[in-house]
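Student: Taken in sequence, the protein lines are chains A and B.
The first sequence runs 8 to 618 under this note's numbering.
The second sequence runs -10 to 570 under this note's numbering.
Honestly, the hints are just simulated from the structure, not real lab data.
Hints should not be assumed to be uniformly reliable.
Partner residues are not named here, just some residues of chain B that face chain A (Cβ under 8 angstroms, in silico) [said to hold, decoys possible]: (1) Glu34; (2) Phe209; (3) Val298; (4) Gln301.
Only some residues are given here: those of chain A computed to face chain B with a beta carbon under 7 angstroms [what the hints assert, rightly or not]: (5) Leu70; (6) Phe71; (7) Asn74; (8) Phe149; (9) Ile283; (10) Val301; (11) Met305; (12) Met306; (13) Asp380; (14) Ser474; (15) Gly477.
Covered stretches of chain A (chain B as the covering partner; in silico rule of three or more C-beta atoms under 8 angstroms from a C-beta of chain B) [to be verified]: (16) 99 to 106; (17) 287 to 298; (18) 353 to 366; (19) 583 to 597.
Where a beta carbon is used, it is the ideal one built from N, C-alpha and C, also for glycine.
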Amino acid sequence: MAKNEYQFGQARTSGPVRGPMRVAEKPKDMRGSVRILARYLKKHRLPLCAAWCCAVLSVLLTLFAPNSLNRITTYIEQGLSSGWLDVNAVVSISIRVLLIYLFSSLLTYAQSVTLVNTTQGIMHSMRRDIDRKLSRIPLSRFDSSSFGDLLSRVTNDVDTIGMSLNHSATEIVTAAVTFLGVSVMMFAANFKLALISLGSCIIGFILMKLIVRKSQKHFVNRQRYLGELNGHIEEIYAGHLIVKSYCGEDTARREFSRLNNLLFEANWKSQFLSGIMRPIMDFLGNFGYVAVCVAGAMMAISGEIGFGTIVEFILYVKMFTMPMGMVAQSVTSLQSAVAAAERVFSFLSGEEMTDERGKKPLLAAAKGRVEFDHVRFGYTPDHPVIHDFTASVRPGQKVAIVGPTGAGKTTLVNLLMRFYEIDAGRILLDGVDIRDTTRENIHDQFCMVLQDTWLFNGTVRENIVYSRKGISDEQVIAACKAVNIHRFIRSLPDGYDTVLTDSSNLSAGQRQLITIARALVNNAPLLILDEATSSVDTRTEQQVQNAMDTLTKNRTSFTIAHRLSTIRNADMILVMKDGDVVETGTHQSLLEKGGFYADLWMSQFVSGEAI
Amino acid sequence: MLKILRQMGRHEWALLAASIAVIICQVYMDLKVPDYMASITRLVETEGSDPGAVWQAGVLMLGCALLSMLLTFAAGYITAMLAATFSRNLRSRLFEKVESFSLQEMDRFSTASLITRSTNDVAQLQNFISGGLAMIIRTPITISIALMKITGKHWQWRAVTAGAVFIVICVVVFIIRYAHPRFRKMQTLTDELNRTMRESLTGIRVVRAYNAEAFQESKFDEANDRLTRNHKSAQLAMSVMQPVMRFTNNALNVAIYCIGGIIIASVAGGEDRISTFSDMVVFSTYASKILFSFMGLNFIFMMLPRASVCAQRINEVLDTELSLRNGSAAEQPDCPEGTVEFRHVSFRYPGNEEDIIRDVSFTAGKGQVVALIGATGSGKTSLVNLIPRFYDPSEGEILVDGRNVRDYDLQALRSKIGYAPQRAVLFTGTVRSNVDYGSGSVHHDVRRAVEIAQAAEFVDRMDGGLDARIVRGGMNVSGGQRQRLSLARAVCREPEIYIFDDTFSALDYKTDRILRAALRKETAGVTTLIVAQRIGTIRDADCILVLDEGRIVGRGTHDTLMKTCEVYREIARTQLSEEDL
Chain A
8 MAKNEYQFGQ ARTSGPVRGP MRVAEKPKDM RGSVRILARY LKKHRLPLCA
58 AWCCAVLSVL LTLFAPNSLN RITTYIEQGL SSGWLDVNAV VSISIRVLLI
108 YLFSSLLTYA QSVTLVNTTQ GIMHSMRRDI DRKLSRIPLS RFDSSSFGDL
158 LSRVTNDVDT IGMSLNHSAT EIVTAAVTFL GVSVMMFAAN FKLALISLGS
208 CIIGFILMKL IVRKSQKHFV NRQRYLGELN GHIEEIYAGH LIVKSYCGED
258 TARREFSRLN NLLFEANWKS QFLSGIMRPI MDFLGNFGYV AVCVAGAMMA
308 ISGEIGFGTI VEFILYVKMF TMPMGMVAQS VTSLQSAVAA AERVFSFLSG
358 EEMTDERGKK PLLAAAKGRV EFDHVRFGYT PDHPVIHDFT ASVRPGQKVA
408 IVGPTGAGKT TLVNLLMRFY EIDAGRILLD GVDIRDTTRE NIHDQFCMVL
458 QDTWLFNGTV RENIVYSRKG ISDEQVIAAC KAVNIHRFIR SLPDGYDTVL
508 TDSSNLSAGQ RQLITIARAL VNNAPLLILD EATSSVDTRT EQQVQNAMDT
558 LTKNRTSFTI AHRLSTIRNA DMILVMKDGD VVETGTHQSL LEKGGFYADL
608 WMSQFVSGEA I
Chain B
-10 MLKILRQMGR HEWALLAASI AVIICQVYMD LKVPDYMASI TRLVETEGSD
40 PGAVWQAGVL MLGCALLSML LTFAAGYITA MLAATFSRNL RSRLFEKVES
90 FSLQEMDRFS TASLITRSTN DVAQLQNFIS GGLAMIIRTP ITISIALMKI
140 TGKHWQWRAV TAGAVFIVIC VVVFIIRYAH PRFRKMQTLT DELNRTMRES
190 LTGIRVVRAY NAEAFQESKF DEANDRLTRN HKSAQLAMSV MQPVMRFTNN
240 ALNVAIYCIG GIIIASVAGG EDRISTFSDM VVFSTYASKI LFSFMGLNFI
290 FMMLPRASVC AQRINEVLDT ELSLRNGSAA EQPDCPEGTV EFRHVSFRYP
340 GNEEDIIRDV SFTAGKGQVV ALIGATGSGK TSLVNLIPRF YDPSEGEILV
390 DGRNVRDYDL QALRSKIGYA PQRAVLFTGT VRSNVDYGSG SVHHDVRRAV
440 EIAQAAEFVD RMDGGLDARI VRGGMNVSGG QRQRLSLARA VCREPEIYIF
490 DDTFSALDYK TDRILRAALR KETAGVTTLI VAQRIGTIRD ADCILVLDEG
540 RIVGRGTHDT LMKTCEVYRE IARTQLSEED L
């Protein structure tokens, strides 16, 4: 079918584009978040410290290399003037330097390996913690906010944290050590040359800072316009049908080119400015190089220093300019990491459901008597929607819950399943207050079929058996036969082992039949049907209805219903309006009462002209 | 990848040529700096040379460095311009193209994929140009100029340099072969992880009701383990790069000095010795440049495949042939306004084996209400989509006001029709801009349309009334309200024909009823085609068409169909009470 299944917010294809430089997110509470992050890293402190030690040691070792090269040069230079060159000394120093380099590189490798393993471990357990947390959050939080959105961001955040720990954290340490170490070595070698090289580097660093500050604005703009333009594209493409049928192409095009031009400006400006950083860094390297060469040459001519010192300083300048640029980048990246950690931890520290490990399951297999006893409930404590609800359901009875859209029909079910906790009163299941037993124990007493037919990526059999243990193939097949889907499943390419994916060509009705089979296999004494037929077409509706009739047999059932026959045959009808139960009774008694239910019932049949 | 170059205009080619020229100059200047170092070295080592000469060489050297920097700025400016211009034009060409698509092409690509192609893929290409292009140009130039500089120097030095380059190439090849595929796989694995998590989220009620938390968790753990393993091996491979590179570079440096010492010891004359010495000092600089240029190959190979995939996906869209041809007739033929006629129409979606609509014929006269009812997949939506030419039928013809829809200018045809789809679409803007959508200069009575669509009551409560903001996707109004605004849009353009594709089922019974009554009263004389699920919605239609597997299996009023049509009776039975039957 050619239905447009695209929805806003769901397929977020337009993430932030990674440019050469990203706009850093600022954490809200830098210090607090860093502290929490530090606590989280505590159990990994040994490998982390080891990695840092390796990094520092490796840097320290390389610090000695330029001086050795100086000595080689000096030997050669002596050879130039005296005519005799001590080749053995040159070779032996060379070998020593090579060993130093080798050892230093091995240390760097060791550091990388440790760090990769540790950070991956941290990311792994962080993702795990987030997933586990999911099972402990009360359902109300999922309903109240765009929780799913937030969560998908959380997984990205974990990546950000890992990346930054892996690179930036060590880079800052090594850069700092290099900076200090090289300074010390330079001043020890020659004071004047040290001042010159240091000076030229610092000038460059200040220049760079200025450019970064200036370019930040364009980066923010670029991100903003990109977001706006992508939003516009999404909207127009998703509304293609309307754009076409109302000839809105011109309006769309005008807006598009306005945004496209704005983005163009921000794009080249930001890119040019970020492109400038590197040449400046290069020039600084060159400038330091030239300064050292010229000043060194003058000093060498006057005999103040040997040529070897110049060679030594050329190497120092090289070692020096590299880390400067990195520090700036690492700070930005660390900032984003802390902001990311802030979100992750605020999620992990969110409110949880009460711990029930102390409770014992009190219900074995319920008969199905349900009592609502002066139940009061509100999504926020000061705004109760259900004020004072009392009803009693005998085993095997059929209860229908009706009311207009948004009347809160699902709320009742949520209370019964203890997805939400009631504010006052009691709900009794076979005489047991549902708060006295565990949630798992209550869930075991119910099977549930929802409007939204939820199937997961897996085989048909896995979807039907789901989390139940010890279900035989015969039971699965029996359930499928009972709901009349067995033949259809057999016709699938791999029968019961066909893997269901998002793109699987199952109709809504077939999907619903599978979830009903799942409920049958589950075989619990009570049943909840939440608008189970509303997304099913009329052709399969009869089939689904028959399947549900099988399911309702011998079970106490709560049905949120559209279908008239369900309502009419119900033993009890709960009529809901604006979140509260306003009427209770049988079809006949409610019609006679002539209240809200009667009104609702009649409105279905009167056609347009009658008013 | 190269195909995308066809999208470059003359302006962009000029920019590209300029950037190549500038980069060549820049690299040349950059590599000239060490040459002066050589002359300085010679001056220092020659007894009694003039300090002024050193200064002179120093100033020239600094000049080169400065020039090189300025040229890099210029190159940066040009490539930034090139990237931004190219992406702007490409994006705009894509947008134009997609706007000209009919539903048939939209279906082929899917909306989500077209969005990714117009946003993400273009951005990726842009990043590639701005980040990678300069590198691609610079790398071979640097390597060749630096090679030129070191030819003619002692072979021992060139030999060790070749050895070092070989090591670097080995590392680069290793990373390309081992790490790059793993980095590519990362995205799939991350998607998988996100999918399992989203699965647990969307099914949270079911998961909890079936106490299946542990089941879901084990699935998540599996995805998590796989992702972590892949991450680890990719990054461990990358860990090899930096130490090996650094070691190779440093070792090369030392080796050049060491070998230099041995060579100098073996040559006799003082003059030769000094020139060898100065060669040695600059040789190491050139050698590093060469080494790091080869290193850069790694990044190019990293970026190139990604960019080329994006380019390919963009080309696919741009190369698509349009399936609909625009007609030319814009003026009105002599026929009552608002008739729709189907003559033996059949239709199948491209690539499908079976017709979704089979030999359908009917006529809707001016002012008539024709309703379509039938099971999901019976072809109701497909049928009404043929009228505004979202698709063309495979057989038969459709006439609006007595003229084949293929002969119409699309704009002229569509402006006759007020269409409200199943899922209401609102755009960012105001209530007014949404209701008055696409009208151009003509100003319609927005207020009246809003009132007829029963939207006045909530629009008035919104901040700013008709000028209240509508956010992206209309998320600040409820589903039913969106639907009513979408209806108001159809009413607002005062069309000859309404097409309501299941527009009413999102409304509650009461609003549905009042709305239809208002429509009937206020817009009498407009031909209406309603696709519906509820019998209540269409009961009073002049003619009801019952569709089953693409065929009309019954037509007539409610009462006649109840007597004659089995399919209709079956639908009615599930919806109406015994007394009604």
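Student: Does each hint hold? Answer for all of them.
Tutor: Results of checking the hints against the structure:
1. Glu34: holds (6 angstroms)
2. Phe209: holds (5 angstroms)
3. Val298: Val298 (chain B) check fails; min Cβ-Cβ to chain A is 15 angstroms, beyond 8 angstroms.
4. Gln301: violated (17 angstroms)
5. Leu70: violated (12 angstroms)
6. Phe71: Since the shortest Cβ distance to chain B is 12 angstroms, the answer is violated.
7. Asn74: This hint is violated: Asn74 (chain A) lies away from chain B, its Cβ roughly 13 angstroms from the closest one there, beyond 7 angstroms.
8. Phe149: With a minimum Cβ separation of about 6 angstroms from chain B (threshold 7 angstroms), the hint on Phe149 (chain A) holds.
9. Ile283: Status holds, d = 6 angstroms.
10. Val301: holds (3 angstroms)
11. Met305: Constraint on Met305 (chain A) satisfied, holds at 6 angstroms.
12. Met306: violated (10 angstroms)
13. Asp380: violated (23 angstroms)
14. Ser474: holds (3 angstroms)
15. Gly477: At 14 angstroms from the nearest chain B Cβ, Gly477 (chain A) fails the 7 angstroms test, so the hint is violated.
16. 99 to 106: This one holds; 3 residues, not fewer than the three required, reach chain B with a Cβ under 8 angstroms.
17. 287 to 298: Satisfied; 7 residues make the cut.
18. 353 to 366: As far as the stretch 353 to 366 of chain A goes, the hint is violated, because 0 residues have Cβ atoms under 8 angstroms from chain B.
19. 583 to 597: Since 0 is below three, the answer is violated.
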